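Taken in sequence, the protein lines are chains A and B.
Note that numbering that gives the first Met the number 0 has the first sequence beginning at 0, numbered continuously upward.
Note that numbering that gives the first Met the number 0 has the second sequence beginning at 0, numbered continuously upward.
Heads up, some of the hints might be wrong.
To be verified - Quick list of in silico lysine-lysine cross-link-like pairs, BS3-like style, CA-CA up to 30 Å:
1) A:Lys117 - A:Lys224
2) A:Lys148 - A:Lys232
3) A:Lys102 - A:Lys117
4) A:Lys144 - A:Lys102
5) B:Lys149 - A:Lys224
6) A:Lys257 - A:Lys224
7) B:Lys102 - A:Lys232
8) A:Lys232 - A:Lys102
9) A:Lys257 - B:Lys102
10) A:Lys148 - A:Lys164
11) A:Lys164 - A:Lys102
12) B:Lys102 - A:Lys117
Just so you know, the hints here were simulated from the structure itself, not pulled from any lab data.
Source: prediction; values computed, not measured.
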Amino acid sequence: MRYPALEAAGPGAAHIAANWWLLFWVCLVVYLLVIAALLIALRRGRPADAEAASEIQRVPNAPRERLIGFVIAISVGVSAIILIIFLAASVITGRALASLSGKENVAIEITGYRWWWKVEYTDLDPSQRMTSANEIHIPVGSPVKLTLKSYDVIHSLWVPELHGKRDLIPGHPNVLRIQADRPGVYYGQCAEFCGLQHAHMRLVVVAEPADKFAAWLAGQREPAKAPTDDNAKRGQQVFLSRPCAFCHNISGTEASGKVAPDLTHVASRLQLGAGAIPNTPGHLAGWILDSQHIKPGNSMPSISLSGDELAALIAYLGGLS
Amino acid sequence: MSDLVNAVASSELRPGPSASAEKQLTTNLSYARKGIYEENGWAVSEGKRLYSWFNCVGCHAHGGGGMGPALMDDQWLYGSAPEQIFATIVQGRPNGMPAFGGKIPEQQLWQLVAYVRSLSGQLSKDVSTTRSDHMSIMPSEQRLEEQNPKPVAPSARPQ
Chain A
0 MRYPALEAAG PGAAHIAANW WLLFWVCLVV YLLVIAALLI ALRRGRPADA EAASEIQRVP
60 NAPRERLIGF VIAISVGVSA IILIIFLAAS VITGRALASL SGKENVAIEI TGYRWWWKVE
120 YTDLDPSQRM TSANEIHIPV GSPVKLTLKS YDVIHSLWVP ELHGKRDLIP GHPNVLRIQA
180 DRPGVYYGQC AEFCGLQHAH MRLVVVAEPA DKFAAWLAGQ REPAKAPTDD NAKRGQQVFL
240 SRPCAFCHNI SGTEASGKVA PDLTHVASRL QLGAGAIPNT PGHLAGWILD SQHIKPGNSM
300 PSISLSGDEL AALIAYLGGL S
Chain B
0 MSDLVNAVAS SELRPGPSAS AEKQLTTNLS YARKGIYEEN GWAVSEGKRL YSWFNCVGCH
60 AHGGGGMGPA LMDDQWLYGS APEQIFATIV QGRPNGMPAF GGKIPEQQLW QLVAYVRSLS
120 GQLSKDVSTT RSDHMSIMPS EQRLEEQNPK PVAPSARPQ
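Please work from the sequences and hints to get the whole structure.
Following this line, the structure appears as structure tokens:
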């Protein structure tokens, strides 16, 4: 998994990358000058003769000291000017990031849990609200408003190709505007240490053309597909009669738990366990039986199921696209 | 696990201490469970999380009771021993307590049992939770008064 922060795919990351490159080139030049000065000094060295060396220190030499003082003053002045330029550049970048605006057509609430992201597409019409987890889709080329909340501890959202870090603070919603200028799949990561599985707290951002996005959103708003074959029907019964339904929600069924990722369209997602494993039937089965082995400390208990119950459950969940 | 389920399943549904034939088994079990869950601060805090996630709060509030009986007092209609509380959660009880058997994995059941017992001060203070993740609405479990549990006379039971 790559997090190429300098390959900006949106205006937020582009501003940050520009600032980064300015700092990089200026610091590179300063570094080379300092190293060059150091090498010159080493090369000149002290006079080999010890008496001559001590005479330089002992005998006052006014013109020489004036020269040294002048060089130091110039260096300090140049350093101060460079630092002020850096300050101005970062203030300008900060302003540019804060004023990324425009009319947002999409507003998403992201709530950090240990250790996954709850995702809610808000809408003035409550029936159009949509809840998902660990994956968001956004339309290319238009700004998206993210409202960031936390359920438990401080998290931080960072999708390096799209924007800078923004903290999710309990009890204090933060707002972040993001925009993707080219289609693609971008990976995000919790960037504030939040406990044992901090490293396995990833968010997938899929940027796609507006029509594809609209189709995706309409599909996600639908209740879950009813199982058609007998095996999947049995799987649904397993889901509803076992601990699954106690924490997870599947719209259109009686399972309405709100404390764990919404599974209404789980099969449409790219990853499971907030990026811990890819979304394949085998990984899903392993996750259900012993998620504590894959992601120790997460809130999902290990579930004991018989082989055919598990197969039925996987068939059912695999059909929830 | 299966021994335990059998013991729980065959225990009489009437309130009060379990029949003497089962007493030995449940006593042994309770020693085992106590070590794993009731002396483990993490297990108790997990129990606290599940207590609100599984909506025990909805009826029992944060121990003070509401629609359901209080859990922080000394009155126990169906027994206060860990395995009795376990049985109460698994089987459900008359007048509204649902049966959670099969819905909650065994490990989480015992975590809940440990937390429920901490509400009446039955666990040692260093195990009980000391603070809430959210806004505090009661003294911490650690500061709750230790109760001396006693069964309630049949006439006092809610009908």
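Do the alpha carbons of Lys102 of chain B and Lys117 of chain A lie within 30 Å of each other, as the hint requires?
Measuring from Cα to Cα gives roughly 23 Å; hence the hint holds.
Please verify whether Lys257 of chain A and Lys102 of chain B have alpha carbons no more than 30 Å apart.
15 Å, holds
Are Lys102 of chain B and Lys232 of chain A close enough, with their CA atoms no more than 30 Å apart?
Holds, at about 19 Å.
Restraint status (C-alpha distance of Lys148 of chain A to Lys164 of chain A at most 30 Å)
The hint holds at about 14 Å.
With a cut-off of 30 Å on the C-alpha distance, tell me whether Lys102 of chain A and Lys117 of chain A pass.
Cα-Cα ~24 Å, so holds.
Distance restraint between Lys144 of chain A and Lys102 of chain A, which requires alpha-carbon spacing of 30 Å or less:
OK: Lys144 of chain A and Lys102 of chain A at ~9 Å, within 30 Å.
Going straight from one Cα to the other, do Lys164 of chain A and Lys102 of chain A come out at no more than 30 Å?
Given pair Lys164 of chain A, Lys102 of chain A holds - Cα atoms ~22 Å apart, limit 30 Å.
Proposed proximity, Lys232 of chain A with Lys148 of chain A (alpha carbon, max 30 Å):
Measuring from Cα to Cα gives roughly 36 Å; hence the hint is violated.
Has the given pair, Lys149 of chain B with Lys224 of chain A, been kept, meaning a C-alpha gap of at most 30 Å?
51 Å, violated
Within a Cα-Cα threshold of 30 Å, do Lys117 of chain A and Lys224 of chain A meet the stated pairing?
Distance of about 21 Å is within 30 Å: holds.
Does the alpha-carbon distance linking Lys257 of chain A and Lys224 of chain A stay inside the 30 Å limit?
19 Å, holds
Run the distance test for Lys232 of chain A versus Lys102 of chain A: straight-line Cα separation, threshold 30 Å.
44 Å, violated
Hint compliance for this structure: hints 2, 5 and 8 are broken, all remaining hints hold.
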